[in-house]
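Chemist: If you want the building blocks of each chain, they are given just below.
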Amino acid sequence: MRSHHDMGGRPAGKCEPSEHEYELWEKRVDALMMLLSDKERQLLKVDELRRNIESLGADAYDRMGYYERWMHSICQTLIQRGVISIDELGRKMAELEARDGRA
Amino acid sequence: MKQTDEADSRGYYRRMQSAIEELLILKGVFSGADVEREVKAMDSRNPGRGAKMVARAWVDPAYKARALHNGSAAAEELGFAVGPLRLIVLEDTPRVHNVIVCTLCSCYPRMLLGLPPEWYKSSNYRSRVVREPRTVLQEFGTRIPDDVEIRVHDSTADMRYMVLPLRPAGTEGLDEEQLAGLVTRDSLIGVAMAKAAAQA
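Chains A and B supply the protein sequences, listed in that same order.
Residues in the first sequence are numbered consecutively from 1, following this note's numbering.
Residues in the second sequence are numbered consecutively from 1001, following this note's numbering.
Since the hints were derived computationally from the structure, they do not count as laboratory data.
Just so you know, not all the hints are guaranteed correct.
With a straight-line Cα cutoff of 20 Å, these simulated EDC-like cross-link-like pairs (lysine to aspartate or glutamate) come out [what the hints assert, rightly or not]:
1) Lys27(A) / Asp1034(B)
2) Lys1121(B) / Glu16(A)
3) Lys92(A) / Glu1132(B)
4) Lys45(A) / Asp1034(B)
5) Lys14(A) / Glu1022(B)
None of the values given here were measured: they were computed from a predicted structure.
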């Protein structure tokens, strides 16, 4: 069975020429990808980026925004490679949530 | 305060981005300045780069031949870094119209055109343009005559396409810069033609 991301030729709706102004956080996700995958760092291969996006379930894939899928994938890759741990990420996110809450 | 699931999810990934950026800066993987530099660099990439290549190819047959032979080298020639991706330039002719897509994700000639438009990443475009390109192009307001073949090119992570659209009629008197003004982003993707001379 082909997986959900492999969409070529499937029936689908009308194309709406929609535009989208990228938000700063989305550009920063892109920046993370560019930096982590460059020659100097080599902490992310495009195949890892794709694998961790393509292994999302169909429902999550459709529900998530484009850069949300990227962010999920970059995060998974960094954990799989041991660059960051789930624990330290959880602590950092809780810290940021508390900081946002106070702001 | 009640929030929709969607808003929650957006906040979650945004926070994840900040968290990972902060962690990686703390670990010395990169600096905050590196991130700012990448954001600026992506902002500077826009379809004007592709338009410059097309206008040069229209006025300089030798450049056009080089661009069709090796798109990456032709882009570098005009000072646009392509990096490790292979760029292939597809020439439209009176008999053949080219259009690009990435059915598997959203691969796009981002080094020349910047980030892709929303619709390019949509499941509707990715699913249908390979099966019924003529109809999809009509949805963009572009009618390709029945006797013109449409070729759809599916990009990959390592290989990106850009269309070299037909030079519009009546543009013999225009200089390179004016010609570049006729080349829109959508004409570089292939869902539109270059603008007519009067629209310059």
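Chemist: CA of Lys14(A) to CA of Glu1022(B), is that 20 Å or under?
Modeler: violated (41 Å)
Chemist: Can you confirm whether the C-alpha distance between Lys45(A) and Asp1034(B) stays at or below 20 Å?
Modeler: holds (19 Å)
Chemist: Checking one constraint from the list: CA of Lys27(A) to CA of Asp1034(B), max 20 Å. Satisfied?
Modeler: holds (13 Å)
Chemist: When you check the alpha-carbon spacing of Lys1121(B) and Glu16(A), does it fall within 20 Å?
Modeler: Between Lys1121(B) and Glu16(A) the Cα gap is close to 11 Å, so the pair holds against 20 Å.
Chemist: Verify the proposed pairing of Lys92(A) with Glu1132(B), using a straight-line Cα cut of 20 Å.
Modeler: violated (48 Å)
Going down the numbered hints, you'll see the structure goes against 3, 5, while the others check out.
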